[in-house]
Amino acid sequence: MKTSISLKPTIFVIFGGTGDLNMRKLAPALYNLYSDGYMPQKYAIIGTARKKLTDQKFRDVLMEGVNSFSRTGKVKKEKWSKFAESVHYTSVDVSAPETFKSLKDDIEKYQQEFGPGTQVVYYLAVAPSLFPLIAKCLSDYKLAGDEESCRIVIEKPFGRDLETAKELNQLLTSIFTEKQIYRIDHYLGKETVQNIMAFRFANSLLEPLWNRTYIDHVQISVTEQLGVGDRGGYYESAGALRDMIQNHILQLLCLIGMETPINFDADEIRNKKVDVLKAMRPFSPDDIRFSTVRGQYTKGWVEGKEVPGYRHENGVNPDSNTETFAAIKFFVDNWRWQGIPFYVRTGKRLFQTSSLITIQFKDVPHQIFPAAVTEHWQQNRLIISIQPEMSIRLQVQAKRPGLDMVLNPVDMVFDYKGTYTTETPEAYETLLLDVMTGDQTQFMRADQVESAWELLMPVVNAWESKKSLSFPNYTADSWGPEDAEALIARDGFHWFTLPLNKD
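Position one of the sequence shown corresponds to residue 39 (the numbering used here), numbered consecutively onward.
These are computed hints drawn from the structure, not numbers from a lab. In this text, all values refer to a predicted model and were calculated from it rather than measured experimentally. A hint or two may mislead.
What the hints assert, rightly or not - Each pair of labels, with its calculated beta carbon distance range:
#1 244 / 425: 19 to 29 Å
#2 337 / 88: 15 to 25 Å
#3 457 / 537: 15 to 25 Å
#4 520 / 355: 19 to 29 Å
Backbone N, C-alpha and C define an ideal beta-carbon position, used for all residues, glycine too.
Start from the sequences, fold in the hints, and give me the full structure.
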C-alpha cells in the first residue's frame, strides 16, 4: 500500500488552473488524496492561468470545485484550511513566455524550502494546441529538470492523427525523457479497469480459458445518454472515433487481449499492450465498408425532455459530417486470438450510460438436455461492468428449483458495493498518486499512442474524405443506427446490455 511516507516532497504545477478539468477532477482528487493521507508531507500546488488572482481567491475557486464535484462531498473546514495553506497561484500567459520567469522563481523557492529530492510535476490541463508552447517554455527556462525529479502529464487528445501524434512525441522527447512523460487516460484509473489484470492473472481458473479455443467473441461498449452539451466546438474536431475509440476503448481492448506479463513492471506491461496493437489486423477498404459503422444523433426525447439533434447543438456545423457514434469489428491476428472478433461501440445520446466488457464463451460441444429443459439457454458470459455499477459477473446455467429439470441462466456476481465498505477512489486520485510515486503502468507510452493511431488512420481518412449521406441516422435515446446491430448480427451475435437498476 502506498503511503505519504514513501512520497518525496512534490511541487504540483497545474497549467489551466482555473479551468474546468481542475475544478471537476484535479482539485477534488488532490484534496481527497490529502484527506486520506496520500499526499507528501511537504508539497505545494501551484495553479497557473492568464487571469490575475490572489492565492486566497484561487483557493476559494478550488474549494467551490471540491464542494461541487468531490466524491466525499463538501470539504471539512479544518482539513481544507490545512490543505489550502499549500495551494498557491501564479499568473502565466503561455503566449507571453516571459511570464514563466515568475513561475520559475516560485518553483525554486519551494525547492529550497523542501530540500534535496524535491520533485516537480507539470500537469497540462489546457487545450492540446498549447501543449507544444508550454513544453518549449519549460525547456527555455530550464524547468524540465532531470528524469528523477521532473514529470510532465499530458491529457488527451494526444494528437488528432498519426502525424500530429508523432510530432508531439518528437517535441516532448527532445525536452523530456520517456520516463518523465505521463500520457494520461483517466479510464485506466477506474477501479474496475485496474481489476481486469488482477482478475485475469491472479486466478488460475480463468487464464487457461482466455483464448480462441474457449471464447466466441468479445464486446466493449462505452455508451452515453448525454449529448455533446457545451462541447460542440471541441467535438466537431474529434468525433466518437478520436474521442473514445483511439484511446479509452483500445486501451480496454489491450487489457483483455494482452499476453501474460512476466512481472508487474510498467514497461513490461506496456510492451504487452503494444504487442496487441501491432497484432491487430489492418483495415482494407472492404473492411471499412463492412466492419465499421458511423452514426449521428437527431432530436428525440430523453427522460421526458425533448433534446436537440447533434447538428443543432451549440458550436456544431449545421451540415456536420462528424460521427457521434462508432462501431467497429477488430481482429487480433496472433495465436491466442486468431479469428475471434472484438466488437466495440461508443456513442452519444444513447439509451443508457454504461461501460461494459462482455466476453462470451463458446457453447458446450454437445447438448445432452432436451429442448424443453433448455428454453432459456444461453452461452456462458463474463461481464465486466465499469459503470454505472462496478461489478464482475459470470453468467452460467443452473437448474431452477423444483421437481422438474429446467435450466436457466444465473449470475455469479462480484459487486464492489456489496463486497467492500470502503469508498472507491476516483480515477484521477489513483493516477495522480501514480504520477507522484513514478509508476507509469497505467500511462500510455509513445509507441502505444502511435500504434493506436496507425491502426485507425484508414478509418479516420475514409470517414473524413467521404461525407455520410445518411446523417443523422439514429434518434436520441436509442441504441444507435440500425447498421450497428447488423454489424454484429451478421456473425450471429447481438449487443449485450445490463438491465437498468439491476441489483
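Right, here's what the structure says about each hint:
Separated by about 22 Å at the C-beta atoms, residue 244 and residue 425 satisfy the suggested range of 19 to 29 Å. Evaluation of the 15 to 25 Å hint for residue 337 and residue 88 yields a failure: the beta carbon distance comes to about 38 Å. A C-beta distance of roughly 20 Å is found between residue 457 and residue 537, which places it inside the suggested range of 15 to 25 Å. Between residue 520 and residue 355 the C-beta distance comes to about 25 Å, which sits within the given range of 19 to 29 Å.
Checked against the numbered hints listed earlier, the structure breaks hint 2 alone; every other hint is satisfied.
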